[in-house]
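Visitor: Next come the chains, spelled out residue by residue.
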Amino acid sequence: MSIEEIQNEIIDEFSMFEDWEERYQYMIDLGKDLPLIEEDFKTEANIIKGCQSKVWVHAALNEDKIEFTADSDAIITKGIIAILIRVFSNQPPQAIIDADTSFIDQIGLKEHLSPTRANGLVSMVKQLKMYAIAYQTQLN
Amino acid sequence: MFNVEEIRKDFPILSRKVNGKSLVYLDNAATSQTPQQVIDAIVEYYTHYNANIHRGVHKLSQEATDLYEAARKKIQEHFNAKHTHEIIFTSGTTHGINLVANGFSSILKAGDDIIVSALEHHSNIVPWQMLCERTGAKLKVIPMNEEGNLILSEFDALLSKNTKLVFLNHISNALGTINPITYFIEKAHEVGAAILIDGAQSTPHIKPNLQELDVDFYVTSAHKICGPTGVGMLYGKEEWLKKLPPYQGGGEMIAEVTFQKTTYADLPHKFEAGTPNISGGIAFGAALDYMNAIGFDAIQTYENELLHYATEKMLEIEGLKIYGTSKHKTSVISFNLKGIHPYDVGTILDKLGIAVRTGHHCAQPIMDYYKIPGTVRASFAFYNTKAEVDALVEGIKKAKMMLS
Numbered sequence: 001m002s003i004e005e006i007q008n009e010i011i012d013e014f015s016m017f018e019d020w021e022e023r024y025q026y027m028i029d030l031g032k033d034l035p036l037i038e039e040d041f042k043t044e045a046n047i048i049k050g051c052q053s054k055v056w057v058h059a060a061l062n063e064d065k066i067e068f069t070a071d072s073d074a075i076i077t078k079g080i081i082a083i084l085i086r087v088f089s090n091q092p093p094q095a096i097i098d099a100d101t102s103f104i105d106q107i108g109l110k111e112h113l114s115p116t117r118a119n120g121l122v123s124m125v126k127q128l129k130m131y132a133i134a135y136q137t138q139l140n
Numbered sequence: 001m002f003n004v005e006e007i008r009k010d011f012p013i014l015s016r017k018v019n020g021k022s023l024v025y026l027d028n029a030a031t032s033q034t035p036q037q038v039i040d041a042i043v044e045y046y047t048h049y050n051a052n053i054h055r056g057v058h059k060l061s062q063e064a065t066d067l068y069e070a071a072r073k074k075i076q077e078h079f080n081a082k083h084t085h086e087i088i089f090t091s092g093t094t095h096g097i098n099l100v101a102n103g104f105s106s107i108l109k110a111g112d113d114i115i116v117s118a119l120e121h122h123s124n125i126v127p128w129q130m131l132c133e134r135t136g137a138k139l140k141v142i143p144m145n146e147e148g149n150l151i152l153s154e155f156d157a158l159l160s161k162n163t164k165l166v167f168l169n170h171i172s173n174a175l176g177t178i179n180p181i182t183y184f185i186e187k188a189h190e191v192g193a194a195i196l197i198d199g200a201q202s203t204p205h206i207k208p209n210l211q212e213l214d215v216d217f218y219v220t221s222a223h224k225i226c227g228p229t230g231v232g233m234l235y236g237k238e239e240w241l242k243k244l245p246p247y248q249g250g251g252e253m254i255a256e257v258t259f260q261k262t263t264y265a266d267l268p269h270k271f272e273a274g275t276p277n278i279s280g281g282i283a284f285g286a287a288l289d290y291m292n293a294i295g296f297d298a299i300q301t302y303e304n305e306l307l308h309y310a311t312e313k314m315l316e317i318e319g320l321k322i323y324g325t326s327k328h329k330t331s332v333i334s335f336n337l338k339g340i341h342p343y344d345v346g347t348i349l350d351k352l353g354i355a356v357r358t359g360h361h362c363a364q365p366i367m368d369y370y371k372i373p374g375t376v377r378a379s380f381a382f383y384n385t386k387a388e389v390d391a392l393v394e395g396i397k398k399a400k401m402m403l404s
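From first to last, the protein sequence lines stand for chains E and G.
This note's numbering puts the first residue of the first sequence at 1, with every later residue one more than the last.
This note's numbering puts the first residue of the second sequence at 1, with every later residue one more than the last.
These aren't lab readings, by the way, just hints derived from the structure by calculation.
Among the hints, erroneous ones may be present.
Sample of chain E residues facing chain G (criterion: CB under 7 Å; computed from the structure) [stated by the list, open to error]:
{"id": "1", "residue": "Gln-25"}
{"id": "2", "residue": "Tyr-26"}
{"id": "3", "residue": "Gln-52"}
{"id": "4", "residue": "Ser-53"}
{"id": "5", "residue": "Asp-73"}
{"id": "6", "residue": "Ala-74"}
{"id": "7", "residue": "Ile-75"}
{"id": "8", "residue": "Ile-76"}
We treat Cβ as the ideally placed atom computed from N, Cα and C, and that holds for glycine.
With the sequences and hints as input, model every part of the structure.
Guide: Here's what the structure looks like:
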């Protein structure tokens, strides 16, 4: 599936929730299920330090697609990471570079991707794009 | 007679909705809310008196100057400073600390010691580290214990004839511990050191008597005491303020300028370069009037009642741990739920309209001591209610249910 198709799928899923509680419970559960980053990759180099929570991201090129794994010490942050990974992992670098994240607004989680929130997520999205740019250069 | 429902009517913001819920504002240690009387003082100033102060011959300038200086007088009386010119208007606590740190850079030399406490806010650590780098002086730290109290015997052991400065907060922002500052002041003076107390967290709750304390410097911010942001005060004993060099150059702080030499203005203007936050200064005075009309004794009694009520209710929640359990503490509760990140708890509480602080509270050394990433901090003011404490407790229970 393309990034846009996955984003639309997520928007559909979230439209079924009646209130914030259901949305958050879903995210928390996603956070719990997120395949953890391997301990070996939980390094200083892979860490994004937010003021509020920490995020670890690891990327690897698998043929012409990037695989991301990630983790956070806060579960709600982790839930959003799970959504971002679902959207961006196993996609070609150029598609990641071109993708936008406005679907986050549409599923009512905009506040978590605000630069003032300091939970590491904004930097995480930047990091995903940086990896994509780096791998794209490599593929070229 | 203290009536919280009547008091709440003075604060328009307390009736607003957040995420569709009634706001429960429990982040008072970060900033207090502003009563209508203080908002009116700002509006009144810009409506009728706005002018630059201290230099105009015209009527508006004179009136604005009178109002600004009257506010300085109010602050002097409130804190019982000996002279009005010992009150320096600043942009806030951090500015006041930096002003003193900068001044001491011309006094300190290699081999001198500065002592700070382990309970400090970053704003009270970084300026001293910078000062030490500049002068070669050494920074020493008074350690704390599990309850969040400073260990007095360790402080005694750090003191020597090399100690030139001691800095600590009156009340810890992260834990709420009330430090026995009289002890620190006496001991610092015994070895001839100067002492600065950060009153950002104490002045919303108590009314320090600066002459009786015999403290050398005392700083605070108006926005912690129902005043506006961007204004605060530095109190310094006259002898110390005369000794320190000016912090910034500019208008207002000079007596005479030629290209050969400039002579500085007398106190307090020597430290007040440029056009100050005039409406802020005036509103600071109005905030003190407001607080004094309620009375600090009444405020303290009520806040203690809230603290005890909240502590008891919160400890009933299984897995909740409170950090900072000193017998002498103010209405601040720093806590965590077992196995749950403070950021997650804060996020759920926000969804319920409850404003708390999460994170390390700019006091990372304290978090390192407890080996935690941070805490959730609920801080109560005199306009909070037991019903709001109940809402917080229910909110924590909900967060726990959703997150575990």
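Visitor: Do the numbers back the hint for E/Ile-75, that is, is its least Cβ distance to chain G under 7 Å?
Guide: holds (5 Å)
Visitor: For the hint on E/Gln-25, just tell me whether its beta-carbon gets within less than 7 Å of chain G.
Guide: holds (6 Å)
Visitor: Using the nearest Cβ pair, does E/Ser-53 come within less than 7 Å of chain G?
Guide: holds (5 Å)
Visitor: Have a go at the E/Ile-76 hint: is there a Cβ in chain G nearer than 7 Å to its own Cβ?
Guide: holds (5 Å)
Visitor: Does the nearest C-beta of chain G fall within a distance shorter than 7 Å of the C-beta of E/Tyr-26?
Guide: Violated, because the Cβ-Cβ distance from E/Tyr-26 to chain G comes to roughly 11 Å (cut-off 7 Å).
Visitor: Is the hint on E/Gln-52 kept, meaning its closest Cβ partner in chain G is under 7 Å away?
Guide: With a minimum Cβ separation of about 5 Å from chain G (threshold 7 Å), the hint on E/Gln-52 holds.
Visitor: Any CB of chain G closer than 7 Å to the CB of E/Ala-74?
Guide: holds (4 Å)
Visitor: Holds or violated: E/Asp-73 as interface residue toward chain G, Cβ cutoff 7 Å?
Guide: Holds. Min distance 6 Å.
The structure is inconsistent with hint 2 alone, although it conforms to all the rest.
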